[in-house]
Amino acid sequence: MTASTPESYLSEWDRRLLEFEESRHISVFRRGMRNLVRNRLLLSGVILGLLVVGAGVLGPVIAGGDYELINFSNIHAAPFSEDALLGTDHLGRDTATRLFVAIRVSLAVAVGVTGLALVAGLAIGTVAGFRGGWTDRSLSGVMDFIWGFPLILVAVLFAGGLGEGLLSVILAVGLVNMAAIARVVRGEVLSLSEREFIEAARAGGLSNWRIIRKHLLPNILAPALVLASYYVAVAIIAEAALSFIGLGAQPPLPSLGQMVAEGRNFLQLNHWETTVPGLALVAMVLSVSLIGDGLRDVFDPRLRHEAKGLES
Amino acid sequence: MKENSPEIQSILEEYQQRKLSRRQFLKKVGAAGVGATAAAALLASCGSDEPAATTAAPATTAAPATTAAPATTAAPATTAAPETAMGPSRGGTLREGYNRDVSKHDPITTNWYDPAFFAIYEAIVTVSPDGDFVPQYCTDFSVSGDGLEYRFTVEDRQSHSGNAITAADVAEFYRIQKFSFIASLASPISHYEVDGNQVVAKMNNAWVGTLGPLATGYWRIANINTWKDVGGYDDETGLAGESVVASVYGTEVVDATGPFKHTEWVPGSHSYVERWDDYPGSNVPYFENKGTAHLDAIRWTVITEAGQRATQLENGDIDTLLNPAHQDLARLQENPDLTVYQHAEWSGYFMFMNREHFPELFGDVETRRGLSHAVDREGMAQALLFGNGAATYGPFPTTDRYYDPAVEQHNNYDVAEANRLLDAAGWSMGSDGVRERDGVPLQFEFMVENESLQTAIATAAAAQFSQVGAQADVNVVDRAVWFERAGGPEVPAGLFMWLWPIPIDVLTLFCASYTVPSPNWSHANEPRIDQAIADWQSAGTEEAAAKAQSDFQLAWAETLPNMSFINQNSTFVKNNRVHGWSPHVWLLYPYYNDTWIEA
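Respectively, the protein sequence lines represent chains G and E.
Residue 9 in my numbering sits at position 9 of the first sequence, and the numbers go up by one each step.
Position in the second sequence counted from 1, then plus 312, gives you my numbering.
If you're looking for bench data, these hints aren't it; they were derived computationally from the structure.
Beta carbons: idealized from backbone N, C-alpha and C, even for Gly.
Wrong hints could be hidden among the right ones.
[Claimed, not checked] If the Cβ cut is set under 8 Å, some of the chain E residues that face chain G in the computed set are:
| id | residue |
| --- | --- |
| 1 | Asp688 |
| 2 | Met692 |
| 3 | Gln694 |
| 4 | Ala695 |
| 5 | Ser764 |
| 6 | Ala768 |
| 7 | Ala772 |
| 8 | Ala775 |
| 9 | Ser778 |
| 10 | Gln783 |
| 11 | Val786 |
Taking the hints into account, I'd like the entire structure generated from these sequences.
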């Protein structure tokens, strides 16, 4: 902005007010894109996330190698050594190839788990909050009961029943995350149910299903999505942690936690075997967190306005 | 030593100059017409910078000439600092790192015996650093001329509880011990009798291996009266009765005669013993300390994390360590504050293949051999053990004096041969890279304990199987789960590590037809192997023992009741403040009678 533009004559307050008025009339997508460009953290998260997703989706195709292929004559190689961009592990397996597959495993688990948890959490939380009474008490009781269990314990229980592996991880993380999402959604629904527009809808004779579909879900979807982005990060970390202790992905299928676990025995020999998957884990979680924060900015007008100084 | 032929001498020189590996050496001298025993003796005579060599010293006057203590090429090789000239000081707690979880301290019902058994218990005889059987609980022992009777003189003793143990109690202990799962190792011993102050082992037949099992942890003598009091044993149910299964012996109550008393046993964490101040002293001739122990106590800390063991020793959290990770060995050897003991270990890793429940996979020997040829054992030994061990093509470690290099004709790494055998067995390659036969894919669960080295071995083997079209799905489980499932109808294959001072004895357990389904988890029923076992357990002479063991190894290598992979060396490390802690090759663990710590 320069002094010659008409806006320069406006006060700072008027300029922000104008932006706010404009923002009410543009689409969520456009607003999101604008926020994406303006919010450097969000932009960083998206770029980082694209890199991670690209590595997970395209990496195994580009690398082309067999993540299971061992080479006893080239063990514990450092990054950028011959024929091994990111080095090799204790069996001489190519770290880059394994890393790409591990990222794909982590992404698949995290997105899959969170998707399932989101759908189930939305359904349970909405029904509980909207119906109230014994339905709410029973569903909330079950959700609170599940939420009270530490994730590791739930994972151990599933592993004991189903055996170690990704299925146990998916079920354990999904169950706990579902409970978390359901509790938050229930709270939102309870709050919304007291609002005038819901009362009006009821008074207008709309069916419960229509009220939920047309009025409640659109209003709780945004916070639920923001919450889900947080639980994607949680799922990534949980999958890595459970694989680290041997409950998750089973060898030879690589996962980030398992690669860290295998490498930790050789820290003094070649720390890259742990550092490389560790950094990948950091990048994944960081990108999801940044995107989550950005989404919150997009979807939560209060925060957006706070950021602009309209409300303080 | 008599003079060797020029050819042999040349091979010897090459070996001493490290131009040949031990395996290459054995192959070459084998090709030159030298038998296995003689080759091992040659190897033993030229240890040079390999672990220092010893040959079996003559047995003590009291002991019969037996094969029970296996001679080896690998006596303790240490990077030892000289022992200090100061005398032993009393007191202190020895903190020892242990690479496994602690087993319950009951010789009769335990699945594994730990170092604590060497502090709490005494065996009737033990093995000296020279490989001789020497008295421990007994004061003297002898064998009859026909080899059918072993007599052990025992004095009336008191155990930790203050109760008496007589010769009759020792005989009763041995009688009940015969109910244990391990008892078949000493099956040539018919029964035990008491003659005054002597315990008499009556033999079914003369057997050169008699004393071997008696010196191990499973035959270490408990006060059988206490054992019964706590467990409520009765003859009808043997060890299967509920009262024995629920017994607190070995976990809360232990009553024995060693220099230390059981104090605490916490699975997954530690076990702890304290000095027994009423210890009457040891009969073991090579112990310097004939009285009560110097140490106040010993604590074994479970450190199953491979990478942590060496670090804890370096940080001073522990004083001594059993089996650091192989990758940390070089670093420990360079540390001037530490002493590293390395020697052959009577152990090995093998894969069982359940033929009973999965005959379509492992029922034919061609398939088993095809899979075996896909495994690069030399590469595994180098990569996973960092050279601190060797490939095994048969059941025995290459360092055992009865090791027969002829097994190396079998199971060599040869992918083309592996594919040829699998083709011949009718396995055709599927479009997904997994072979099929009669609609059955060559795919199986490969169960392995949750321990880093074992997982790595299983993963490496599975990766190599996949190169010939076999898919082994590695399933990592807890140790207890492993034992619960092994041999059952749901598990086709699993990795196991055995550890025993006399290989032939324990290896019979894993392949004899009479130990199906456990621990013959393969459900193998090979007449050649059963015959070799019978020959071993009836071997009355050294020659017969050597032949039986050779037959056993070859039968194993050819019929593959289990698939051997590698054998690691044993490594013990101590802080130089610790003295009198001297592990040796003949025993799995050190004794603690002489051990003391600088103040």
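With chain G as the partner, please determine if serine 764 (chain E) meets the hint condition of a C-beta pair closer than 8 Å. holds, 5 Å
Is the hint on glutamine 783 (chain E) kept, meaning its closest Cβ partner in chain G is under 8 Å away? With Cβ-Cβ at 10 Å, over 8 Å, it is violated.
Identify whether the interface hint at alanine 768 (chain E) stands, where standing means a beta carbon of chain G within less than 8 Å of its own. Hint on alanine 768 (chain E): holds, closest Cβ of chain G at ~6 Å, below 8 Å.
Interface hint check: alanine 695 (chain E), Cβ to nearest Cβ on chain G, cutoff 8 Å. Holds or violated? Since chain G brings a Cβ to about 4 Å from alanine 695 (chain E), closer than 8 Å, the hint holds.
Is the interface hint for valine 786 (chain E) satisfied, with its Cβ closer than 8 Å to some Cβ of chain G? Hint holds; valine 786 (chain E) Cβ to chain G Cβ min 5 Å, cut 8 Å.
Verify the interface restraint on alanine 772 (chain E): the C-beta must sit less than 8 Å from at least one C-beta of chain G. With a minimum Cβ separation of about 5 Å from chain G (threshold 8 Å), the hint on alanine 772 (chain E) holds.
With a cut-off of 8 Å on the beta carbons, see whether methionine 692 (chain E) makes it to chain G. holds, 7 Å
Cut-off 8 Å, beta-carbon criterion: hint that aspartate 688 (chain E) touches chain G: holds, 6 Å
Return the status of the interface hint for serine 778 (chain E): holds when the least beta-carbon distance to chain G is below 8 Å, violated otherwise. Status holds, d = 6 Å.
Please check whether alanine 775 (chain E) passes as an interface residue: C-beta within 8 Å of a C-beta belonging to chain G. holds, 5 Å
Hint check: 8 Å Cβ-Cβ cutoff, glutamine 694 (chain E) to chain G: holds, 6 Å
Violated hint: 10 only; the structure is consistent with all others.
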